[in-house]
Amino acid sequence: MVDKVPMKGFSPEDMKRRRSRSIATAIALVAFMVIIFITSIVQMKGGH
Amino acid sequence: MNLHEPYISALEPVANAGGGSARDYFELLKPRVMSLVIFTAIVGLFAAPGHIHPWLGFITILCIAVGAGASGALNMWFDADIDAVMKRTAKRPVPSGAIAPGEALGFGLALSFVSVAMLGLNVSLAAGALLAFTIFFYVVIYTMGLKRRTPQNIVIGGAAGAFPPMISWIAVTGHIDMGAIALFLLIFMWTPPHFWALALFREGDYAKAGVPMLPNVAGRPETRKQILIYALLCAPVAALPVLCGVSGILYSVGAAALTAMFIYRALVLYLAADAVVEDKAAKKLFGFSIVWLFAMFALILVEKLAGLHALPSVF
Numbered sequence: 631m632v633d634k635v636p637m638k639g640f641s642p643e644d645m646k647r648r649r650s651r652s653i654a655t656a657i658a659l660v661a662f663m664v665i666i667f668i669t670s671i672v673q674m675k676g677g678h
Numbered sequence: 004m005n006l007h008e009p010y011i012s013a014l015e016p017v018a019n020a021g022g023g024s025a026r027d028y029f030e031l032l033k034p035r036v037m038s039l040v041i042f043t044a045i046v047g048l049f050a051a052p053g054h055i056h057p058w059l060g061f062i063t064i065l066c067i068a069v070g071a072g073a074s075g076a077l078n079m080w081f082d083a084d085i086d087a088v089m090k091r092t093a094k095r096p097v098p099s100g101a102i103a104p105g106e107a108l109g110f111g112l113a114l115s116f117v118s119v120a121m122l123g124l125n126v127s128l129a130a131g132a133l134l135a136f137t138i139f140f141y142v143v144i145y146t147m148g149l150k151r152r153t154p155q156n157i158v159i160g161g162a163a164g165a166f167p168p169m170i171s172w173i174a175v176t177g178h179i180d181m182g183a184i185a186l187f188l189l190i191f192m193w194t195p196p197h198f199w200a201l202a203l204f205r206e207g208d209y210a211k212a213g214v215p216m217l218p219n220v221a222g223r224p225e226t227r228k229q230i231l232i233y234a235l236l237c238a239p240v241a242a243l244p245v246l247c248g249v250s251g252i253l254y255s256v257g258a259a260a261l262t263a264m265f266i267y268r269a270l271v272l273y274l275a276a277d278a279v280v281e282d283k284a285a286k287k288l289f290g291f292s293i294v295w296l297f298a299m300f301a302l303i304l305v306e307k308l309a310g311l312h313a314l315p316s317v318f
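Residue numbers (our numbering), protein chains in the order written: chain A, 631 to 678; chain B, 4 to 318.
Derived from the structure by calculation, the hints contain no laboratory data. One or more of the hints may lead you astray.
Pulled from the structure, derived: some chain B residues nowhere near chain A, Cβ distances all over 10 Å [said to hold, decoys possible]:
(1) A25
(2) R26
(3) L59
(4) A259
(5) A276
(6) A278
(7) P315
FRET-style restraints, in silico, Cβ to Cβ [unchecked claim]:
(8) B:T153 / A:V664: 30 to 36 Å
(9) A:S641 / B:G222: 49 to 55 Å
(10) B:V220 / A:S641: 47 to 53 Å
(11) B:A309 / A:S650: 43 to 49 Å
We treat Cβ as the ideally placed atom computed from N, Cα and C, and that holds for glycine.
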């Protein structure tokens, strides 16, 4: 039988860290989208 | 082989590490190595015959930079145990506890995937494939395979650092030719004398970590001899960009002077009479080797930006 692991909530520091990581991930994904969007336009115009 | 085994004992005190700052994550990318990668990749982009849209050129350099950073993060994840015992590397984010090993691994893998996918999808599949191979070569062949096993680690592993100008060359031309190989060989031949000079005045560090660098395996006199041999080999390699039709008169004159100085510094080290002179000569050679590589690539770039003509290729 598996022992019961006591549940532990996130501390305010953990939450702060998780929030900043979420923001960083969101920014990275938006940047990724923008890059693909601009590249698509460049290639549609025969830029290569 | 259990990849986690080597660093369990070394990292036990920081088992609950993690949550590093943005600066720690930036350090994980090995920014100094990255600057060299970016610079040589930019030169490859300008030196390659042909045209690339500025936006795609920018994406190429960005992807190469991110790929290099990913390699650095994966290297720091795997080498955390030996980094912890070496003075030069003990303050890196993983051994210092700022970033947990798992975080470094995840970060490195994510950046590897994003950089390769972006380069392959946006610019060229061939360039993306070579970037993927470069990351694989640095992390698996060099870091996991060669580094702890053979004193020839950096001779073979040096190829990983030599690929970036070749990747940007492929992004422009779509194929590898003698010009790309010339740029590759410049970095490849420079790597052993550069790192062995460092190893000569950091021998204790490497020995403590059990890394078989040439000085602590073959001895200091043999290392000095090998440094001189590779410095001499840099001379024909330095001529290659001219012979391949990549560079012209300005590069020829500059490269001759720089390489003569490089060989002179290696010769001074080879002839060092005692430990004090050797230490000083090794430090001077190490410093000059960085100048040599930057200046050689800068000469190629200046010629291209100034519109100077390359000499005709003999190939």
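| said: Hint by hint, where does the structure go against what was stated? Just the numbers, ascending. | reply: Violated: hints 1, 3 and 8.
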